[in-house]
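Go by the hints and put chain B onto chain A.
2 protein chains.
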Amino acid sequence: MTAYRPGLHLLSTFASTPDCLTNVGGCQATFNRLIDALTLTKVGEVYHVFPNGGFTAVVCLTESHVSIHTWPELGIATFDVFLSNYLKDNTAKTQQFYRDVLTYFEATELSKQELNR
Amino acid sequence: MTAYRPGLHLLSTFASTPDCLTNVGGCQATFNRLIDALTLTKVGEVYHVFPNGGFTAVVCLTESHVSIHTWPELGIATFDVFLSNYLKDNTAKTQQFYRDVLTYFEATELSKQELNR
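Each protein sequence line maps, in turn, to chains A and B. If you're matching positions, the first sequence starts at 0 in numbering that gives the first Met the number 0 and goes up one per residue. If you're matching positions, the second sequence starts at 0 in numbering that gives the first Met the number 0 and goes up one per residue.
In isolation and in its complexed conformation, chain A is listed as follows (with noise of 0.2 Å):
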């Protein structure tokens, strides 16, 4: 049996701009232009924008996941990307996608939490 090789998790909360935290389309064009860049595989998604602009996305990737929770009215969100390491090592590019979200977003970041799981 093959050894399992965890993979990085990156947690965040961190605050933003309203524009930001209420930009499903810039968040969504965000993620699309960094799995691309990231030669990442996405096999599917979910958007979904709450009355007040606020937005709950979910990107599913043969190499994990991507999620955000927007709360405009409180100016934070919470993000995390997981990449595992199963075909290879994507360390890396957990990181950079880590830091090109909160590039995006302008983020003041209030916590950032780092699992290998």
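Just so you know, these hints were derived from the structure itself, not from any lab. Among the hints, erroneous ones may be present.
Just some of the chain B residues that point at chain A, by a computed CB distance under 7 Å [claimed, not checked]:
1. Tyr3
2. Thr12
3. Thr40
4. Val45
5. His47
6. Val48
7. Gly53
8. Cys59
9. Ser63
10. His64
11. Ile75
12. Thr77
13. Gln112
14. Leu114
15. Arg116
Just so you know, even glycine gets a beta-carbon here, dropped at the ideal spot from N, CA and C.
Frame of chain A; chain B shown alone:
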């Protein structure tokens, strides 16, 4: 501005049987049963099956999300349930969802991480 109340995010790596780890229909039925039983609100989902029968899934909830990735060739899965406490305290529901999924999978827990975020 309303104060942010962190929600519980439980993350598991568990061992299971080849039958469970390749039964995407059984997993989906279990998730749906728990979403109904716990009166959670699903707004979308993705289930993707790999050629070897392993699967990856994300379920988008108004309360946040659930995800699972199975590797039958390794005998394991990684599973997350994250329910925010934005409208009410969902801590007990997060814990029950987690327990019941592991029971369904006849799981041997290899790691469990609990984050309040």
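Evaluation of the provided hints:
no.: 1; hint: Tyr3; result: holds (5 Å)
no.: 2; hint: Thr12; result: holds (5 Å)
no.: 3; hint: Thr40; result: violated (10 Å)
no.: 4; hint: Val45; result: holds (3 Å)
no.: 5; hint: His47; result: holds (4 Å)
no.: 6; hint: Val48; result: violated (10 Å)
no.: 7; hint: Gly53; result: violated (10 Å)
no.: 8; hint: Cys59; result: holds (4 Å)
no.: 9; hint: Ser63; result: holds (5 Å)
no.: 10; hint: His64; result: holds (5 Å)
no.: 11; hint: Ile75; result: holds (6 Å)
no.: 12; hint: Thr77; result: holds (6 Å)
no.: 13; hint: Gln112; result: holds (6 Å)
no.: 14; hint: Leu114; result: holds (6 Å)
no.: 15; hint: Arg116; result: holds (5 Å)
The earlier numbered hints that this structure contradicts are 3, 6, 7.
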